[in-house]
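For the record, the sequence lines run as chains H and D. For the first sequence, counting from 1, position 330 maps to 330 in the working numbering; every step adds exactly one. For the second sequence, counting from 1, position 57 maps to 57 in the working numbering; every step adds exactly one.
Derived by calculation from the structure, the hints in this document are not laboratory data. Honestly, I wouldn't trust all of these hints.
[What the hints assert, rightly or not] To be clear about the criterion: a stretch of chain H counts as covered by chain D if any three or more of its residues have a C-beta under 8 angstroms from a C-beta of chain D, and this derived list gives those stretches:
| no. | stretch |
| --- | --- |
| 1 | 183 to 197 |
| 2 | 254 to 265 |
| 3 | 304 to 313 |
[Unchecked claim] Once the Cα atoms are required to be at most 20 angstroms apart in a straight line, the calculated SDA-like pairs of lysine to any residue come out as:
| no. | chain 1 | residue 1 | chain 2 | residue 2 |
| --- | --- | --- | --- | --- |
| 4 | D | 88 | D | 158 |
| 5 | H | 105 | D | 92 |
| 6 | D | 159 | D | 92 |
| 7 | H | 105 | H | 126 |
| 8 | D | 159 | H | 52 |
| 9 | D | 159 | H | 305 |
| 10 | H | 102 | D | 92 |
Nothing here was measured: the structure is a model prediction, and the numbers come from that model. C-beta: ideal position from N, C-alpha, C; glycine also.
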Amino acid sequence: MTLTIRNASKTYPDGTRALLPTDLTVGQGEILSLLGPSGCGKTTLLRIIAGLETPDAGTEVRFDDEDVTRLAVERRNVGMVFQSYALFPNMSVRANIGYGLKVRKVPRAEREQRVDEVLALCRLGDYAERAVTALSGGQRQRVALARAMAPRPRILLLDEPLSALDAALRDSLRDELAAMLRQFRITAVFVTHDQAEALAIADRIAVMSQGRMQQVGPPEELYRTPVSSFVARFIGNAMPLPGSIVDGRLVLPGGHLPLPAGTSGTEVFVRAEDVHLDDAGPLAGTVETVAFSGGHYRIGIAGITGETLFATHPGRQAPRPGDSVRLRIDAGDLLVLPQDRS
Amino acid sequence: MRLTLPRFLQLAVTLLTAAFLIVPAIQSIVAGLTVNYFRGLSSGLTLRWVGEVWRLYADSILLSMGLAVACLGVTLVIGVPAAYALAKNPGRLSRILEEFISLPLAVPGLALALALLQLYGSMTGFRTSWTFILVGHVLYTLPFMVRSVLAVLMAMDLKSLEESAATLGASAATRFRTIVVPNAMPGILAGALTVVTLSIGEFNLTWMLHTPYLKTLPVGLADSYASMRLEIASAYTLVFFVMIVPLLMAMQWATDRAQRISR
Ligand SMILES: Nc1ncnc2c1ncn2[C@@H]1O[C@H](COP(=O)(O)OP(=O)(O)OP(=O)(O)O)[C@@H](O)[C@H]1O
Ligand SMILES: [Mg+2]
């Protein structure tokens, strides 16, 4: 199913403008991630798609060719995984998963067969008869997913499905969830505030900030060609290089950098992995901190900009705090962006 | 464990208190089973007085049970949806409404009865029917049902549960039947037992509302104390105990369960 949203906006009764007019399309079988900091309106948009929130007038939500803007939630046939999972505590795992089929009056034999299928897909076969209160966090998450998928929804909506888990479990379940979503081949919208989650799971990412859609595109595109400093900072933690631009060169306290040709922006950013230690580099600074993190060192350098600039250093040896170093940043790695309107 | 003086005092006070509560009850029960109270146990044991109570007051016992069941039915039908509505719309208005429902708790039963008499006293058919007493009992017990169910509903994440049921295709009525009621069951159970126990034991209000042909169990009890021989009155107490004690125990159990959930 293709989801089309046009001009969607939401103003809460207390006057909070949680979502400003937004357009979005999610293609058949595509997994789209809504990514943004807390309070930017991700859940609001997801709930508008589900039909749990009444959007402002002028909003249009289409499932394929059908306008569902005014269709009640129980008739939209969406599958939703809630942040808290919201499993029914009065039912077993099997009854939870079968609930959607039961209220739709699917005959018993067919219902049992479908539940068994989904149980197997989500590797829950051994727990079918358990009470949901006797499950681990990871198992609960799989039950929530299985319950949403059992009635074969037109679209799957997930609101931070991993955030209720502890950090170690979250990393391992992230890849598992990505694999399961691919297996279902369903159109899905996935809300998260964790960029690693979005990068790992989504085909395309929609970055939101303060109720506004900032940029929508494949993960690589957002990473390599962000359109705003917000996106650059949010995806891959780009660091600002505040300096004046003179004749196509960026003038910093620690030296001059040539800018890529033909740019019109005014703010320059760089990521730590694109800052190289190089004795012949044009920038000079002093090492402030050195942190070893397995495959590489993360080195904090003072004197280049007003703040500490970080470099990811893959070598076997690292300079010590206090050492003077020279840095190189290739012109192609600089992100030159227009000033954010705020 | 050595019996030191403070410990001995503690034990003595505890035993005395227990005796203070239990001895009269035992005495009363025994009195209902002895052939002649004034000659004491030596006169022998008998069930004759219990039989006599049944002969004289069977109507009261049946009326009380009927009233309790009807009262339970009405408080369930009104109280559960009311608690649900209050839980779904938390806010100032709901709090005020909740206090308003609870008002009969603070007003003495006699005053409540007087108000009912003033309001409906002239409607003779209604005034002399058992439903008149039922109205009093419902007013008095409803807050217990509402509060008990409300406490359990507030303790669970009702909104998310209902929303997830809705995305799965359940209409509002289906959600109420399959999600709200089963999950509120411990509260409903605790509320139900409280309502039945209160309705069976209620005296103040019922005494004001009753007519000579409509005596409930406690009103009959007062009547037997006033006009029957001591053995019959005591046997009456025994009957009352037999009915109310299991209810009290079940109520304790259900309330514990409801509290465990709301924690
Ligand atoms: N029922 C409500 N009434 C008023 N304001 C609300 C309501 N729900 C959300 N908001 C506000 O709308 C804005 C967007 O909320 P939303 O829940 O969509 O954010 P989010 O991106 O999902 O954040 P998070 O990552 O913390 O879940 C926030 O400022 C929030 O305070
Ligand atoms: Mg949210």
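Here's how the hints hold up against the structure:
Note: the stretch 183 to 197 of chain H has 0 residues with beta-carbon separation from chain D under 8 angstroms; the three-residue rule is not met and the coverage is violated. Counting residues of the stretch 254 to 265 of chain H whose C-beta sits closer than 8 angstroms to any C-beta of chain D gives 0, which falls short of three, so the coverage hint is violated. Proximity of the stretch 304 to 313 of chain H to chain D, defined as three or more residues with a beta carbon under 8 angstroms from a beta carbon of that chain, is not established by the 0 residues found. Taking the CA atoms of residue 88 of chain D and residue 158 of chain D, the gap is about 8 angstroms. The hint holds against a cut of 20 angstroms.
For the proposed pair residue 105 of chain H and residue 92 of chain D, the alpha carbon gap of about 40 angstroms is over 20 angstroms, so the pair is violated. With a C-alpha separation of about 19 angstroms, the suggested pairing of residue 159 of chain D with residue 92 of chain D holds against the 20 angstroms cut-off. Distance restraint check for residue 105 of chain H and residue 126 of chain H: the Cα-Cα separation of roughly 26 angstroms exceeds the 20 angstroms cut-off, and the hinted pair is therefore not satisfied. Simply put, residue 159 of chain D and residue 52 of chain H have alpha-carbon atoms about 11 angstroms apart, close enough for the 20 angstroms limit, and the pair holds.
Between residue 159 of chain D and residue 305 of chain H the CA atoms are separated by roughly 50 angstroms; this puts the pair beyond 20 angstroms, and the hint is violated. For the given pair, residue 102 of chain H sits about 38 angstroms from residue 92 of chain D by alpha-carbon distance, which is inconsistent with the 20 angstroms threshold.
When held up to the earlier numbered hints, the structure conflicts with 1, 2, 3, 5, 7, 9 and 10 and fits the remainder.
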